[in-house]
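2 protein chains.
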Amino acid sequence: MPLMKSWVESANSADCPFPLNNLPYGVFSIAEAEPHCGVAIGDRILDVTAAEAEGLVALTDMPLFDVPFWNELMEEGPAVWAALRDRLIALLSDGAAERDKVEPLLVPMAEAELHMPFAVSEYTDFYAGKNHAVNVGTMFRGAENALPPNWLHIPIGYNGRASSVVVSGTEVRRPWGQLKGPNDEKPRFAPCARFDIELEMGAIVGTPSDGPITVQEADDHIFGYVLLNDWSARDIQAWEYQPLGPFQAKATATTISPWIVTKAALEPFRTDTPAREVELLDHIKDCGPMLYNIELEVTLAPEGQAETTIARTNYKQMYYSAAQQLAHHTTSGCPMNAGDLLGSGTISGPTKPERGSLLELSWGGKEPVELKSGGTRTFIEDNDTLTLKGAARGAGYTIGFGDCVGKVLPALDDPYARG
Amino acid sequence: MPLMKSWVESANSADCPFPLNNLPYGVFSIAEAEPHCGVAIGDRILDVTAAEAEGLVALTDMPLFDVPFWNELMEEGPAVWAALRDRLIALLSDGAAERDKVEPLLVPMAEAELHMPFAVSEYTDFYAGKNHAVNVGTMFRGAENALPPNWLHIPIGYNGRASSVVVSGTEVRRPWGQLKGPNDEKPRFAPCARFDIELEMGAIVGTPSDGPITVQEADDHIFGYVLLNDWSARDIQAWEYQPLGPFQAKATATTISPWIVTKAALEPFRTDTPAREVELLDHIKDCGPMLYNIELEVTLAPEGQAETTIARTNYKQMYYSAAQQLAHHTTSGCPMNAGDLLGSGTISGPTKPERGSLLELSWGGKEPVELKSGGTRTFIEDNDTLTLKGAARGAGYTIGFGDCVGKVLPALDDPYARG
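Protein chains in written order, with numbering that gives the first Met the number 0: chain A, 0 to 418; chain B, 0 to 418.
Chain A with its partners taken away, still in its complex shape:
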């Protein structure tokens, strides 16, 4: 598919992340105004709440965009998702008849504050990237026991904390937690010393379900994708995670990129999951190309200094697709709702510069990562800014997500002091 031309000129360059092919969904506000639903086009945002109020977008009897989140559209299902995309393309295409009515509803993206694009119903995080699982398993259990016995048979996942999901730009406070090193006699309560990122993609469930669904149905139920940084306190995790999994180590924050990129926009970039090393059971087999070719990058910038790209990889490195993860999630009959967020698990490629966490990049802190601005990192230091970037590159156009940014503030001196 080539670039689709828009009358919004800034959307027509090959490296603009928001061409007409993309049309991702977000929530924005300008100055003191209430947050509205918006669609990114070039360097503008189309105010969809206003477009609906003026009758330019009329998909259903009841308004969908009078709330500052996209969950109401999700609930409508794939036919309405497609109808909205068709309508937006018609309004924004080069030569559109209604350009005069639409143009006043565009606002400059540079002036907008972006908010959470959807209300997170529940958040599940997976562990479904094989290179990451092998790296972490090798560090913690040795190369021979790197992959748990179940790893090649199910996408391992655990429930995360929806209340901790924040939008790009939200500052993240280094947490306190209970820590005990292998040689410490007793645990202590102290600030996390091994605070880390996890480079992930987040899949957003659009269609509710109330029983087991197939992988094809699961793919149909997914509304779109975001970049996702699953901030991880490695020292808290090491002490707490046996036997029932990560808990407080993952509860400080999870940051997502501000724009929901729809499945329709990603359609040309579909790709197969890698060859299976062990045949999967039928209910969890991919039935088509359900991964995506999305280039991913992580940068780290110390305060006031230039950023260094510390990792580059690709979403197609995943072993399990989001559709497989969602299908597995429903096997028990677990009810799924619009706005459920599924983290892919950390995405690492096979070589060292492709690793999606500092834990892997610094090999547990033993091999510091060099920064362009001077200095090194094993884990995140105070006031570092970490950014995830993602782009699917087509012939003459780019599908971008908007950066997924978080600055890490120092831990509080006394976390129980009330300000």
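Bear in mind the hints are in silico, worked out from the structure with no lab data behind them. Do not rely on the hints blindly, as some may be mistaken.
It does not matter which identical chain is meant; a pair holds if it fits inside one copy or across any two.
As the list claims (entries may be wrong) - With a Cα cut of at most 25 Å, we get these calculated SDA-like pairs of lysine to any residue:
1. 179 / 284
2. 406 / 352
3. 179 / 140
4. 179 / 285
5. 179 / 241
6. 185 / 274
7. 185 / 140
8. 4 / 286
9. 406 / 28
10. 100 / 65
11. 365 / 384
12. 179 / 137
Remember, predicted model here, so these are calculated numbers, not experimental data.
Knowing the structure of chain A, use the given hints to seat chain B on it.
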């Protein structure tokens, strides 16, 4: 504290679970009417939604009970919680001046259908009963490694699935899942063969928080308690839970009792957590009696047969209080919201008949439990009804929760068949 007398005569007997001392909060409907908020008193329910509409209950400028859940009251905080209780006691006490206005708002509990009493924001399950942890650890890891190294230092918890929480009376369908026995060559997808209960108490967070809170603050934030059955697919759990904890094994359903028993009603039954075997760090120390003396019982009834009491224990057997669990939950800065539900973890006493799961009662299936109606059980069989019961017994009165009941339906022949 003695029995408080009500003009609702049925509330004044020593074994009535809903005397004036209790006043638990639920949501009910009669015939085809919309669900309303209600308070149990004797064998009646006071329609609080109607009482508010008629001006008999007026706590805030905006109505709190025009929705079929109690979250709006929770959000108001402890002063309003106390004001409501005072007002209800005034309206329902023996000799109340407004009896004539209140009496028409009472409906017979026997005719009411009970619904979820609150909207579950997120659900966390703990593993904080020591006898249970030792029993399970001994079965899975041997007596010498029964307790994980962190167990005596933190209340171990994991995030559960809020969408799977249902009210007492909801039938539970035996799930399918991926299973692999220790001697199986490969996993298979099949109905769960080791479906189990977990006898727990659920604590409901009323006051939101957005950073670490102390144990005393945590106790202040708790709105009330319910009985909680954390249905568990032991064979699914055995295969999936390493390394990131239980996932689909716990996602079929969690059943709660229909009435939220307030902290105020339980106040006379406060008791200390057991002596610490290892001193806790300061931030997680109990600072007063924060457990409760609540007698608990589990019954099992095969279809059409009498029930057998298979376990009797007490909430005071817990090692960690709900306040300690909530305080630990916030150490990372994890935001908590009104309607968050915290499962205590399985409550087992020190002797065999006090064990709160069939896994423990049958010692992993090796020691079948005898039923009064004939036959035995290792795990739940199709069409068995499992019931949790709870009561705090005061001088001449009882604080009841309402039974927490679930019947287990057979697994579907084909979970992917669409009806």
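Exercise for review: Check residue 406 against residue 352 for me: Cα-Cα at most 25 Å, and say if that holds within a copy, between copies, both or neither.
Suggested key: within (22 Å within a copy, 54 Å between copies)
Exercise for review: Since the copies are identical, ignore which copy is meant and state whether residue 185 and residue 140 lie within 25 Å (CA to CA) inside a copy, between copies, both or neither.
Suggested key: Both: 23 Å inside a copy, 23 Å across copies.
Point to revise | Status of residue 137 relative to residue 179 across identical chains (alpha carbons, at most 25 Å) | key: Both. Shortest intra-copy (21 Å) and inter-copy (24 Å) distances satisfy the 25 Å Cα cut-off.
Review point. Between residue 4 and residue 286, at a C-alpha cutoff of 25 Å, which is it: within one copy, between copies, both, or neither?
Key: neither (33 Å within a copy, 66 Å between copies)
Review point. Using 25 Å as the alpha-carbon threshold, which applies to residue 179 and residue 140: within, between, both, or neither?
Key: both (18 Å within a copy, 22 Å between copies)
**Study point:** Status of residue 285 relative to residue 179 across identical chains (alpha carbons, at most 25 Å)
**Key:** between (41 Å within a copy, 21 Å between copies)
Practice item. State whether the alpha carbon distance between residue 179 and residue 241 is at most 25 Å within one copy, between copies, both, or neither. Key: both (13 Å within a copy, 21 Å between copies)
Check your understanding: Given identical chains, is residue 185 near residue 274, meaning Cα to Cα at most 25 Å, within a copy, between copies, both, or neither?
Key -> between (46 Å within a copy, 19 Å between copies)
**Study point:** Same-copy or cross-copy closeness of residue 100 to residue 65 [CA-CA at most 25 Å]
**Key:** within (19 Å within a copy, 41 Å between copies)
Review point. How would you classify residue 406 and residue 28 at a CA-CA limit of 25 Å: within, between, both, or neither?
Key: Classified as within; 21 Å inside a copy, 50 Å across copies.
Exercise for review: Evaluate residue 179 and residue 284 at a C-alpha cut-off of 25 Å and name the case that applies: within, between, both or neither.
Suggested key: Between copies, since 18 Å is at most 25 Å while 41 Å is not.
Check your understanding: 25 Å Cα cut-off: does residue 365 pair with residue 384 within a copy, between copies, both or neither?
Key -> within (22 Å within a copy, 55 Å between copies)
Taken one by one, the earlier hints fail for this structure only at number 8.
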